[in-house]
Amino acid sequence: MERPVLWIHAEALGPANPALLAHPDRPALFVFDDGLLGGADEPISLKRIVFLYECLLELPVTIRRGDGAEQVLAFAARHRADGVVTSAWVDPQLGGIAATVAATLPLQVLEPEPFVLLPEPVDLRRFSRYWRSAGPRLRPDHPTP
Amino acid sequence: MTPSAPVSDTTPPLQPGRGDLPRTFSDRDALVRELAARFPRAEGGASTIRGGSKPALAALEAVDPVRYAASRNHLDGAVSGLSPYIRHGVVTLAQVRDTVQRRMTRGPGPVSEKLLQELAWRDYWQRLRRRLGDRIWDNLEPLKTGHPEEAYARELPADIREGRSGLACIDAFARQLIDTGWLHNHERMWLAAYVVHWRRVRWQAGARWFLRHLLDGDPASNNLSWQWVASSFSSKPYLFNRANLERFGAGRHCPGCPAAAACPFEASYEVLQGRLFAGEASGETT
Numbered sequence: 688m689e690r691p692v693l694w695i696h697a698e699a700l701g702p703a704n705p706a707l708l709a710h711p712d713r714p715a716l717f718v719f720d721d722g723l724l725g726g727a728d729e730p731i732s733l734k735r736i737v738f739l740y741e742c743l744l745e746l747p748v749t750i751r752r753g754d755g756a757e758q759v760l761a762f763a764a765r766h767r768a769d770g771v772v773t774s775a776w777v778d779p780q781l782g783g784i785a786a787t788v789a790a791t792l793p794l795q796v797l798e799p800e801p802f803v804l805l806p807e808p809v810d811l812r813r814f815s816r817y818w819r820s821a822g823p824r825l826r827p828d829h830p831t832p
Numbered sequence: 036m037t038p039s040a041p042v043s044d045t046t047p048p049l050q051p052g053r054g055d056l057p058r059t060f061s062d063r064d065a066l067v068r069e070l071a072a073r074f075p076r077a078e079g080g081a082s083t084i085r086g087g088s089k090p091a092l093a094a095l096e097a098v099d100p101v102r103y104a105a106s107r108n109h110l111d112g113a114v115s116g117l118s119p120y121i122r123h124g125v126v127t128l129a130q131v132r133d134t135v136q137r138r139m140t141r142g143p144g145p146v147s148e149k150l151l152q153e154l155a156w157r158d159y160w161q162r163l164r165r166r167l168g169d170r171i172w173d174n175l176e177p178l179k180t181g182h183p184e185e186a187y188a189r190e191l192p193a194d195i196r197e198g199r200s201g202l203a204c205i206d207a208f209a210r211q212l213i214d215t216g217w218l219h220n221h222e223r224m225w226l227a228a229y230v231v232h233w234r235r236v237r238w239q240a241g242a243r244w245f246l247r248h249l250l251d252g253d254p255a256s257n258n259l260s261w262q263w264v265a266s267s268f269s270s271k272p273y274l275f276n277r278a279n280l281e282r283f284g285a286g287r288h289c290p291g292c293p294a295a296a297a298c299p300f301e302a303s304y305e306v307l308q309g310r311l312f313a314g315e316a317s318g319e320t321t
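Chains A and B are the protein sequences, given in the same order. Here this note's numbering is used: the first residue of the first sequence is 688, the next is one more, and so on. Here this note's numbering is used: the first residue of the second sequence is 36, the next is one more, and so on.
Just so you know, these hints were derived from the structure itself, not from any lab. Hints should not be assumed to be uniformly reliable.
Computed beta-carbon distance windows for the label pairs [as the list claims (entries may be wrong)]: (1) B/D99 to A/R765: 38 to 48 Å; (2) A/P801 to B/R137: 17 to 27 Å; (3) A/P702 to B/Q152: 35 to 45 Å; (4) B/K149 to A/P808: 20 to 30 Å; (5) B/R287 to A/D712: 43 to 53 Å; (6) B/R137 to A/A764: 29 to 39 Å; (7) A/R824 to B/G52: 16 to 26 Å; (8) A/D754 to B/E305: 22 to 32 Å; (9) A/P823 to B/R170: 22 to 32 Å; (10) B/G79 to A/D712: 29 to 39 Å.
The following residues of chain B were derived to be distant from chain A, with all beta-carbon distances above 12 Å [said to hold, decoys possible]: (11) H182; (12) P183; (13) A278; (14) A302.
Take a look, some chain A residues computed to stay more than 12 Å from chain B by CB distance [claimed, not checked]: (15) M688; (16) E689; (17) A709; (18) A761; (19) D769; (20) G770; (21) S774; (22) A789; (23) L792; (24) P793; (25) L794.
Each residue gets a CB set at the ideal place from its N, CA and C atoms; glycine is no exception.
Hey, can you work out the whole structure from these sequences and the hints?
Spelled out as structure tokens, the structure:
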């Protein structure tokens, strides 16, 4: 991928966004997607939108509103991009947008630095089980971060 | 509202296109007006809590693992206020971890790892969400309250949503949620327990209400915490009483409460369990 655009989503609105760090000179886009704003039944309140917007104003991104995947693809076409770079997500709705984008253009997903690396499989039945594995690895005197 | 403007430090790299949203505003009021016009279905005004990495880094700078461990359960305790910034990746969990670890090793003796553990809760919720996807909207386990699912109302009653239940504490929490989009963790738990156990409303209705307003609203930690209170992701339902609220509530709510003489929280845990749950169900407390 030589001329990608960057898709910035609401889980990585800081200067440590791995796509922005990897491609500081490439055009970047954030989309206010109505589905991600809480859908038809429960739209998020204005204070949440203001908060997101204030985060976005610190980042070198174009801000648009509309369908997430359509907007990302149109932005890529506008900049004659040969692919899209983004950062990993947890929200499955972001995964849906990513899948639609990836059906048309190469999509590279960059992982942020993990909080703690745990041997698989991680036992998530209760926090106490997770903590038994994560706690010792997080202590400041643990040999490997 | 303060006049300083959230005007960008950085210039967008390329020419603006048709349909791009504006990036320059004369001040914060102008930003809020513009967004209110563009998002007419989004209710309310702006929070006093601002977005961006400057307030995030200031909050990170102020983090104190020792004071946090000693006071975090109290409403006026030394909590970090970082949750909205972590939620949206303005600062990453790894950045906060590094700061906390550095500060833990600064003093002569061992420091409580409580703050690290709270960060780990977020990582835990995120890992669970990845595994569960949208199933976090379903009960992960049967409720342990002795009541069937159908006993719980589907919708949040208007008096709670509008902060006019007549209970000073509950109404203060609701108003703070709506006005600032941030609640202390104990306030979230008290409010959630009231909604689910005292008013017998499905946790999903409360979770949707929180997601609408909380600046850190994230279905992972939000829904799974509601499930923890409700007992569909814990071995017991979570309960509090007036003594607990007075102990940790910074003395803010009970004096002058119109319902003080008939406080629904004024009882021992044993009595409350008998009143709120059916059969042998008992409650989890803080």
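| query | So is A/D769 really clear of chain B, every C-beta pair being over 12 Å apart? | reply | Check passes; 16 Å lies beyond 12 Å.
| said: Holds or violated: the 29 to 39 Å window for the beta-carbon distance between B/G79 and A/D712? | reply: At roughly 38 Å between Cβ atoms, A/D712 and B/G79 fall inside 29 to 39 Å, so the hint holds.
| field | Range hint compliance [Cβ, A/P801 to B/R137, 17 to 27 Å] | value | Hint holds: Cβ distance 18 Å, inside 17 to 27 Å.
| message | A cut-off of 12 Å on Cβ-Cβ distance, and A/S774 was said to be off the interface with chain B. Does that hold? | response | With a cut-off of 12 Å, A/S774 comes too close to chain B, as the shortest Cβ separation is near 8 Å.
| Is 20 to 30 Å a correct range for the gap between the Cβ atoms of B/K149 and A/P808? | holds (27 Å)
| field | 12 Å cut-off, C-beta based - B/H182 kept clear of every residue in chain A | value | holds (23 Å)
| field | Nearest-CB test (12 Å) between chain B and A/M688 | value | Label holds. Min Cβ-Cβ 18 Å, cutoff 12 Å.
| field | Non-interface label on A/E689, tested against every C-beta of chain B at 12 Å | value | holds (17 Å)
| task | Could you let me know if the closest chain B CB is still more than 12 Å away from the CB of A/P793? | result | holds (21 Å)
| Range agreement (Cβ of A/D712 with Cβ of B/R287, hint 43 to 53 Å) | holds (51 Å)
| field | Outcome of range test on Cβ distance (B/D99, A/R765; 38 to 48 Å) | value | holds (47 Å)
| task | Against chain B, does A/A709 hold up as non-interface, every C-beta pair farther apart than 12 Å? | result | holds (15 Å)
Of the hints listed earlier, those the structure fails to meet are numbers 3, 6, 7, 8, 18, 21, in rising order.
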